[in-house]
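There are 2 protein chains.
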Amino acid sequence: MKKTFVSILIGIMLASTQLCAQQALWGGQEIKSPEINSDNTVTFRLYAPKGGEVKLAGDWIQGTEVMAKNDKGLWSYTTAVMPSNLYSYSFIVDDVRVIDPNNVYADRDVATLSNIFIIKGGNADLYSVNKVPHGSVTRRWYESPGNEMSRRVTIYTPAGYESGKEKYPVLYLLHGMGGDEEAWMALGRTSQILDNLIAEGKAKPMIVVMTNGNVAQEAAPGESSIGLQKPNFMLPHTMDGKMEETFKDVIKFVEDNYRVIADKQGRAIAGLSMGGYHSLHISRYYPNTFDYVGLFSPAISPREDVESPVYKDIDGSLKAQYKNGVKLYWIAIGKTDFLYKQVTDYRQKLDGFGIKYIYHESEGGHTWSNWRDYMIEFVPQLFK
Amino acid sequence: MKKTFVSILIGIMLASTQLCAQQALWGGQEIKSPEINSDNTVTFRLYAPKGGEVKLAGDWIQGTEVMAKNDKGLWSYTTAVMPSNLYSYSFIVDDVRVIDPNNVYADRDVATLSNIFIIKGGNADLYSVNKVPHGSVTRRWYESPGNEMSRRVTIYTPAGYESGKEKYPVLYLLHGMGGDEEAWMALGRTSQILDNLIAEGKAKPMIVVMTNGNVAQEAAPGESSIGLQKPNFMLPHTMDGKMEETFKDVIKFVEDNYRVIADKQGRAIAGLSMGGYHSLHISRYYPNTFDYVGLFSPAISPREDVESPVYKDIDGSLKAQYKNGVKLYWIAIGKTDFLYKQVTDYRQKLDGFGIKYIYHESEGGHTWSNWRDYMIEFVPQLFK
Numbered sequence: 216m217k218k219t220f221v222s223i224l225i226g227i228m229l230a231s232t233q234l235c236a237q238q239a240l241w242g243g244q245e246i247k248s249p250e251i252n253s254d255n256t257v258t259f260r261l262y263a264p265k266g267g268e269v270k271l272a273g274d275w276i277q278g279t280e281v282m283a284k285n286d287k288g289l290w291s292y293t294t295a296v297m298p299s300n301l302y303s304y305s306f307i308v309d310d311v312r313v314i315d316p317n318n319v320y321a322d323r324d325v326a327t328l329s330n331i332f333i334i335k336g337g338n339a340d341l342y343s344v345n346k347v348p349h350g351s352v353t354r355r356w357y358e359s360p361g362n363e364m365s366r367r368v369t370i371y372t373p374a375g376y377e378s379g380k381e382k383y384p385v386l387y388l389l390h391g392m393g394g395d396e397e398a399w400m401a402l403g404r405t406s407q408i409l410d411n412l413i414a415e416g417k418a419k420p421m422i423v424v425m426t427n428g429n430v431a432q433e434a435a436p437g438e439s440s441i442g443l444q445k446p447n448f449m450l451p452h453t454m455d456g457k458m459e460e461t462f463k464d465v466i467k468f469v470e471d472n473y474r475v476i477a478d479k480q481g482r483a484i485a486g487l488s489m490g491g492y493h494s495l496h497i498s499r500y501y502p503n504t505f506d507y508v509g510l511f512s513p514a515i516s517p518r519e520d521v522e523s524p525v526y527k528d529i530d531g532s533l534k535a536q537y538k539n540g541v542k543l544y545w546i547a548i549g550k551t552d553f554l555y556k557q558v559t560d561y562r563q564k565l566d567g568f569g570i571k572y573i574y575h576e577s578e579g580g581h582t583w584s585n586w587r588d589y590m591i592e593f594v595p596q597l598f599k
Numbered sequence: 216m217k218k219t220f221v222s223i224l225i226g227i228m229l230a231s232t233q234l235c236a237q238q239a240l241w242g243g244q245e246i247k248s249p250e251i252n253s254d255n256t257v258t259f260r261l262y263a264p265k266g267g268e269v270k271l272a273g274d275w276i277q278g279t280e281v282m283a284k285n286d287k288g289l290w291s292y293t294t295a296v297m298p299s300n301l302y303s304y305s306f307i308v309d310d311v312r313v314i315d316p317n318n319v320y321a322d323r324d325v326a327t328l329s330n331i332f333i334i335k336g337g338n339a340d341l342y343s344v345n346k347v348p349h350g351s352v353t354r355r356w357y358e359s360p361g362n363e364m365s366r367r368v369t370i371y372t373p374a375g376y377e378s379g380k381e382k383y384p385v386l387y388l389l390h391g392m393g394g395d396e397e398a399w400m401a402l403g404r405t406s407q408i409l410d411n412l413i414a415e416g417k418a419k420p421m422i423v424v425m426t427n428g429n430v431a432q433e434a435a436p437g438e439s440s441i442g443l444q445k446p447n448f449m450l451p452h453t454m455d456g457k458m459e460e461t462f463k464d465v466i467k468f469v470e471d472n473y474r475v476i477a478d479k480q481g482r483a484i485a486g487l488s489m490g491g492y493h494s495l496h497i498s499r500y501y502p503n504t505f506d507y508v509g510l511f512s513p514a515i516s517p518r519e520d521v522e523s524p525v526y527k528d529i530d531g532s533l534k535a536q537y538k539n540g541v542k543l544y545w546i547a548i549g550k551t552d553f554l555y556k557q558v559t560d561y562r563q564k565l566d567g568f569g570i571k572y573i574y575h576e577s578e579g580g581h582t583w584s585n586w587r588d589y590m591i592e593f594v595p596q597l598f599k
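So the protein sequences, as listed, match chains A and B. In terms of my numbering, the first sequence opens at residue 216 and continues consecutively. In terms of my numbering, the second sequence opens at residue 216 and continues consecutively.
Calculated from the structure, these hints are not laboratory results. Yeah, the Cβ is synthetic: ideal placement off N, Cα and C, and Gly gets one too. Don't take each hint at face value.
Label pairs and their calculated CB-CB ranges [claimed, not checked]:
| no. | chain 1 | residue 1 | chain 2 | residue 2 | range |
| --- | --- | --- | --- | --- | --- |
| 1 | A | Glu358 | B | Gly416 | 18 to 24 Å |
| 2 | B | Gly416 | A | Tyr555 | 54 to 60 Å |
| 3 | A | Met449 | B | Gly278 | 36 to 42 Å |
| 4 | B | Gln596 | A | Arg474 | 33 to 39 Å |
| 5 | B | Ala477 | A | Glu250 | 44 to 50 Å |
The calculated DSBU-like cross-link candidates involving lysine-lysine, where the alpha carbons are at most 35 Å apart (straight line), are [claimed, not checked]:
| no. | chain 1 | residue 1 | chain 2 | residue 2 |
| --- | --- | --- | --- | --- |
| 6 | B | Lys445 | A | Lys284 |
| 7 | A | Lys467 | B | Lys380 |
| 8 | A | Lys380 | B | Lys380 |
| 9 | A | Lys247 | B | Lys247 |
| 10 | A | Lys527 | A | Lys467 |
| 11 | B | Lys445 | A | Lys270 |
Looking at chain A on its own, in the form it has when it is part of the complex (with noise of 0.2 Å):
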C-alpha cells in the first residue's frame, strides 16, 4: 500500500509539473533564482545552454546587465548590496524579454508581466506578509449608473472589521494611466501597508477603496467581460472628466454597504500620477467632501480638448475646497519626475492662493518605489 502511495504522490507531482522543462533542474540540483544572499546581494540565475547572450533588466538598472555564462550553460549575475525595496526585473535572452522561470511571483504593470522580489530590514518590511492581524481583501461588483456599467472595485477592511460594530474611515485610492483596480495590490503592496502600519499603530484602521479609474472598463484586463484581450494602454475617457463626474458613484456604493463615517472627517482621496490628477479634480470637484487629499507625482492639468463641467472653474473649486476646510492637502514627487515642473508650478498656483499643503519631496521619478513610500508616508497622517 505504501508503494501505491508513492506511485500516486510521482504520478500527481508529473501531472502536476509536466508544463516545467528541464531548467527548473541543473546538474541535479535545483537552481535558486532569485537568490538573496546574507549581505543583501542579489544573485539571478537561468539555465540557457545555447543562449548566446543573456541580459538582467530590472527597475534599479538602468539599460541592463549582462549575464555570465559558465561552462554547464548556467547564466548568473550578483549585483551590489541592494537596500530593502521590492524590486522587479526579467531576463532578455537573446532579445527576447524573458520572465524568470524559477520564480513563480509575478506582478502585471499595465501590459506586462515581471518578476519581484523582496529584500528586507527596512521600509520592504512593511510591503512583506508578517505575522500581524491581516484585514480582507474583496474583489466586488458596484453599479455605476454614471457610467451605465456594473464595475470591479477592490476592497481593503482592516482585521476586526467583519467581526466589530464600529465605523470605519475611508482611504479612496487611485492608480496611475494603465493601471486598474488591481494596481495598488500588485506593485502597490496595499494590502500588506496597511496590516502592518495598523499593527504597529502608526495607522488608523481604515478601509481602503481602490477604484477603476478607466471608467470605459468594466475591471481590470482579464476581469471584464471583453474577455483576455491585450490591455489597451489609451482607453476612451481618459482624463476627460467622466470619472470625476460619475465618482459619486463609488463613494455611494461605499457608504451605502460598509459601516463607514460618511463624512468629510471619515474621507480620504489618493493616487499616483493619473490617479494624483484624478484626486486633485475629484476633491475640489466635491469641495466638501474629503478632509484629506494625497496626490502622489500627480499629472495636473487637464487635456485642451476636453469639453467637461468637471473643469469649468479650477480655481474657483480649489479656492472653495480650501475655504470648506481641509485637514491635509499632500504633494509628494521625485526630483527627477517628467511631472516635476508642473507640480512646481500647482504649488505656485497654491501659494499664490495661500492655500496650505504639504509638500513631499523625494529622490528619483516616477516609480512604484516612491508611491510605496509616499504611501508610508501618507496613511498615518490620515484620520488623526
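Using the hints, position chain B against chain A.
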C-alpha cells in the same frame, strides 16, 4: 497646454513600459499572440530573431510543437481547430521555457506560471466573465486553533449576498497536492463558473469556501509570512490526517461569520485529487455533516506510515455516513487518470457495502480541463 499634456502621456507611457522590450513591436506592428482566429484555430507568435529553435508547449499538446521562423525573425505556429476550453501554454526558446511576452494572462499552477487563453462557444463560456450579476471574492484570514495558526481562505459569496437577509448553503471546495486557496480561483475558474451557472438558473446561489489544504501553510505561496520563497511540493502534514482533524475550524469560522444554512442539508464538500481524498475522509470522519460529496479524480488510500485517529475505522465510518444519509455522493474520473484503478477499487468497496453513489467517467486524465467540467456537472446537483 495641449503639448504639455501629450508630453505627459508620453512620459507616463515610457515610465510604465520601461521593462517592455523591443519584441512587443515587430516591424512597427504590435505582435498579437495568441491570436484566436475566426475558425477557432489559434496562432502563436514570438519575435526571437536569434533563436535557433522555438517550440510551443501546451496542455493540449503531447510533447511540443516546433514553430516556424520567417525572414524577419518572427516565429509562429497555428493550431488545428480547437474545441471550447481554457488552455495553458508556454514557449521553449532554445531549451529555455518562457512565458509569451505578448500575453499578460498567466496563472500559477503549483510552482509554474503558464499563459492562458480561452476558446469560447462551449463549456468555456462558463469560464468567461459575462455580463451577469457577479459574486464577490474575498481573501480573508481565520483562526485555526487545531493548527495553532491564522490561515488564509478564499470565499465566494454569490451576487445579492451582501444586500440580502437570506441564508445560503455552502460548498467547501478543496485543491490538489501543490495547490492552495488560490487554485480553484485560477485554473479552476470557480467565480466565473458560479456566476454563470447561477445567472442561468442552473445552480442555486451558494457560498463557496476554498480552503488551503496544506495545514503546514498559513497561506498560498507569496501570501504568507515565509515571504516569496519558491513553492514546495511536499509539505509537512501532507495527507496525514491533520487536514481532516482540523477541518472543523473552517466550518466553525464560516458558520460563525456568514449567513449560512448551518446544517447538513446546507453543506457540500468536493475536491480534486488530494482534495478529493480530503473530501472523502472529511465527509466520513464527520459522518453526519455533509449531504453532498464530490470526489473529482480522488486519491483514496491513506499513507501506511501515518498514525491518525482519522484513519482508524474507514469502513465503519463510511457505513455510518451512508446510514446517516447522503443526498449525493458523486465520483468522477478520467479514463486515463493514473488514479483510475484506485477509484475502481474504491467503487467496488462501496458496492460491496451497498453504498449508493453516482459515477461519472470522462475522457482524459488528471487535468484542470476535467476538473472544470466536473464542477459544471456537480454544482447544479447541489442543494436541490
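Problem - Unsatisfied constraints (hint numbers, rising) - result: none
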